[in-house]
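Enquirer: For reference, the chains in residue letters:
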Amino acid sequence: MLGAELQKIIAEPALKQRFAGIGFDATPDDADEVAAAMRKTEADLSPVIKRLNIKLD
Amino acid sequence: MRIVPVALALFIGASSAGAQEYPCSQIKLVVPYPAGGATDVASRIVAERLEAVFKKPFFVENRGGATGNIGTVAVATAPADGCTLLVNATIIATFIHSFAKLSYDPFKDLAPVGGVGVTPTLIVAAPSIPANDIKGLVEWSKAKSDGLNYSTAGYGLQQHLAAEEIAQRTGAKFYPRRLPRRWHRHDRSDRRAT
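Respectively, the protein sequence lines represent chains A and B.
Per my numbering, the very first residue in the first sequence carries number 1; after that it's consecutive.
Per my numbering, the very first residue in the second sequence carries number 1; after that it's consecutive.
Please keep in mind that the hints were generated in silico from the structure rather than gathered at the bench.
Since we're looking at a predicted model, the values are computed, not measured.
Treat the hints with care, since some could be wrong.
Claimed, not checked - Each computed DSSO-like pair below joins lysine-lysine, with the alpha-carbon atoms no more than 30 Å apart: (1) B:Lys142 x A:Lys55; (2) B:Lys101 x A:Lys50; (3) A:Lys8 x B:Lys56; (4) B:Lys108 x B:Lys28; (5) A:Lys40 x B:Lys173; (6) B:Lys28 x A:Lys40; (7) B:Lys28 x A:Lys16; (8) A:Lys8 x B:Lys101; (9) B:Lys28 x B:Lys56; (10) A:Lys16 x A:Lys40; (11) A:Lys55 x B:Lys108; (12) A:Lys8 x A:Lys40; (13) B:Lys28 x B:Lys55.
Please build the complete structure, drawing on both the sequences and the hints.
Expert: This is the structure:
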């Protein structure tokens, strides 16, 4: 319910326009697409983190 | 050159993810960064629209600190009632690699609700630097015997990793500089946040 409403809101032209005003591109992705984006981010950037040996407290 | 885009998204504690009802009298959107930044402003725009749709108060609470982990942990460990949401970037997926100790698992303790937006990462330099684009900056850094220092919004965050990826792919002599906390812009907005 929340996810479906959020998708509709993010896709609204008026919201897209407000986002553009602060330098954002609206992305009305569903939960599965966000989960896939997280997996891709991890897959793409974890080698960089390992190469740089980043270990934060 | 394309660097991995990092998107802003809405999350909920994983234990609340299956809830079909919305029993809360009000819903909190935790923004784990200081007030006034891009994530905060975008979240307030979304909260305003959610409030209109659900006819319930959606309010933003800024809980910055520890690279966003203070606010993120607060949502991951919140009661399983669906009344506490998180707005954060997909970069948290990498935190299991970059943090020596992380008290939550971004894949198990948080569930995505949906996407919000993406914002560009910029490189800015003093006008006196003789480069007008990334290519020029890369070449200039190579020509300098001591390379170029840079600072970013956060060590281990996408801005830092993107700069390192550019350096890796191009041979640029970019060196991250970790500034004392008192020099960060976030310190000043921390004091303004209410």
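Enquirer: All the hints need checking, so say for each whether the structure fits it.
Expert: Cross-check of the supplied hints:
1. B:Lys142 x A:Lys55: 27 Å, holds
2. B:Lys101 x A:Lys50: 15 Å, holds
3. A:Lys8 x B:Lys56: At roughly 17 Å apart (the allowed maximum being 30 Å), B:Lys56 and A:Lys8 satisfy the hint.
4. B:Lys108 x B:Lys28: 21 Å, holds
5. A:Lys40 x B:Lys173: Measuring from Cα to Cα gives roughly 27 Å; hence the hint holds.
6. B:Lys28 x A:Lys40: This hinted pair holds, its Cα atoms lying about 28 Å apart.
7. B:Lys28 x A:Lys16: 23 Å, holds
8. A:Lys8 x B:Lys101: Not OK: A:Lys8 and B:Lys101 at ~37 Å, beyond 30 Å, violated.
9. B:Lys28 x B:Lys56: Holds - the C-alpha atoms of B:Lys56 and B:Lys28 are around 11 Å apart, at most 30 Å.
10. A:Lys16 x A:Lys40: Holds. A:Lys16 to A:Lys40 sits at ~25 Å (cutoff 30 Å).
11. A:Lys55 x B:Lys108: Roughly 21 Å separates the two Cα atoms, so the pair holds.
12. A:Lys8 x A:Lys40: 24 Å, holds
13. B:Lys28 x B:Lys55: 14 Å, holds
Checked against the numbered hints listed earlier, the structure breaks hint 8 alone; every other hint is satisfied.
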